[in-house]
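Build out the structure end to end from the sequences listed, making use of the hints.
Sequence lines, in order, name chains A and B.
For the first sequence, the positions run 1 to 194 when our numbering is used.
For the second sequence, the positions run 195 to 405 when our numbering is used.
Straight-line alpha carbon distances no greater than 30 Å define the calculated DSS-like cross-link-like pairs of lysine-lysine that follow: (1) A:Lys151 <-> A:Lys141; (2) B:Lys322 <-> A:Lys6; (3) A:Lys186 <-> A:Lys141; (4) B:Lys322 <-> B:Lys400; (5) A:Lys40 <-> A:Lys186; (6) B:Lys267 <-> A:Lys6; (7) A:Lys151 <-> A:Lys172; (8) B:Lys204 <-> B:Lys326; (9) B:Lys326 <-> A:Lys6.
Derived CB-CB ranges, DEER-like: (10) B:Arg215 <-> A:Ile12: 36 to 42 Å; (11) B:Leu359 <-> A:Gly96: 23 to 29 Å; (12) B:Asn360 <-> A:Asp67: 33 to 39 Å; (13) A:Ile58 <-> B:Ala318: 46 to 52 Å; (14) A:Ile51 <-> B:Ala318: 53 to 59 Å; (15) A:Thr75 <-> B:Ile395: 56 to 62 Å; (16) B:Leu386 <-> A:Asn156: 35 to 41 Å; (17) B:Met361 <-> A:Gly96: 27 to 33 Å; (18) A:Thr75 <-> B:Glu393: 56 to 62 Å; (19) A:Ser90 <-> B:Asp211: 43 to 49 Å; (20) B:Leu386 <-> A:Val11: 44 to 50 Å.
Okay, the calculated bits of chain A under chain B, using three or more residues with CB under 8 Å as the criterion: (21) 14 to 25; (22) 31 to 37.
The set of hints was computed from the structure by calculation and includes no laboratory data.
Quick reminder that beta carbons are idealized off the backbone N, C-alpha and C, glycines included.
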Amino acid sequence: MRDNLKIILFVIVMSLFTSGVILGVDALTAERIQNNQDAKIKIAILEANNIPYALASINDTFDTEIDIVTVDDWTFYVNPDTGSISFEISGNGVWGPIEGILTLQDDFETIVNVSILQQEETPGLGGVIAETQYLQTFVGKVFDPDFQLNKDPAPNMDNEIDAITGATNTSKRFQAFLNDDYVQAKAAWQSLAE
Amino acid sequence: MKLIRVKYTKWFNILRDGISRNNPIVVAVLGICSALAVSNKVENAIAMGLGVTFVIMASSLTISLIRNIIPQKVRMVTYMVVISTFTISVQAFLQAYFMQIADALGAYVGLIITNCIVMGRQEAFAAKNPVKYSIIDGFASGMGYTFVLVTVAAIREVLAFGTLLNMQVMAPTWERWVVMAMAPGGFFVLALLIWVVRELIHYYEKPEQTL
Chain A
1 MRDNLKIILF VIVMSLFTSG VILGVDALTA ERIQNNQDAK IKIAILEANN IPYALASIND
61 TFDTEIDIVT VDDWTFYVNP DTGSISFEIS GNGVWGPIEG ILTLQDDFET IVNVSILQQE
121 ETPGLGGVIA ETQYLQTFVG KVFDPDFQLN KDPAPNMDNE IDAITGATNT SKRFQAFLND
181 DYVQAKAAWQ SLAE
Chain B
195 MKLIRVKYTK WFNILRDGIS RNNPIVVAVL GICSALAVSN KVENAIAMGL GVTFVIMASS
255 LTISLIRNII PQKVRMVTYM VVISTFTISV QAFLQAYFMQ IADALGAYVG LIITNCIVMG
315 RQEAFAAKNP VKYSIIDGFA SGMGYTFVLV TVAAIREVLA FGTLLNMQVM APTWERWVVM
375 AMAPGGFFVL ALLIWVVREL IHYYEKPEQT L
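See the structure below:
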């Protein structure tokens, strides 16, 4: 009986102690992590628009350079100088969610930039989706009326880029939610114009 | 003269064993899951290796400190809780201060919790030895893990991407070995490496005894 009490006491003390450590770590890092997350979106949008910024003053730069328009569930980040529109895209990859920012020209068809904020794809395979070199291939392509990640060796059309070698499923899923989000965002954006 | 004496100190032996004779991956074949997953780029392998090393050392320190008061019946749970606490701390630290590395490693940092090497060292060493040696043992095992990971990653990255630490080392015309970036490539390289290292340290498994 005394042994059991000892075990219970030990478990309680240990739980309190480890919970304390985790709470402490959370208190120390939570704000920085949240800032990093916010900054990631802002950096992605500013970079997509080729707007220079300094990390220290990123919030001010973002507030002066970018207009925020909200329609239904969609938030559009508009650059008033060029008319470029950015919005968040997200969906499921092979191992976890993929989140990113799609920036389109004012025609809402031509791609200015695609950036990936979060992904958990296989490093080196599906993970290529977040590499600058690969994302560059999206630039200048158009949604006509949708977008394809193409596996066949034929030259790419205006609405096609190469799929990722060795990552068929990442490519397929990315293509699927990119098109889904595009259609919905377009509807929201057009409802605003009317 | 001093060098010869170092060879007989306990900490030197623990250190050497962790990296060679008791190497967690090569000899004990633990931690294979993460070793296969993050060993296709050297940069990720280094970050993962350091993360695991820190978690083993910190957990060994804690377990060794409280080794005399851990009730026998709940010792496994205790290891688990301690390891989880440190893993969560590492993850939060990376996300707060090294966001890019945290992004590159994705889910694998959280999976340090399930890395058998960490648990193995607590049960086999930290629970029975003083703090000083437990930390050295944790460091040695972590380095043994890192060494294998980085070696495998160096081979795989060069063959699969023609790069080393993201710098181009092969001719631009290099035909990429896609298989090396995938799990099978990890199995091939790791198996060959285990063979080579076991030959070097003369570690042979004895044939199983049959009745």
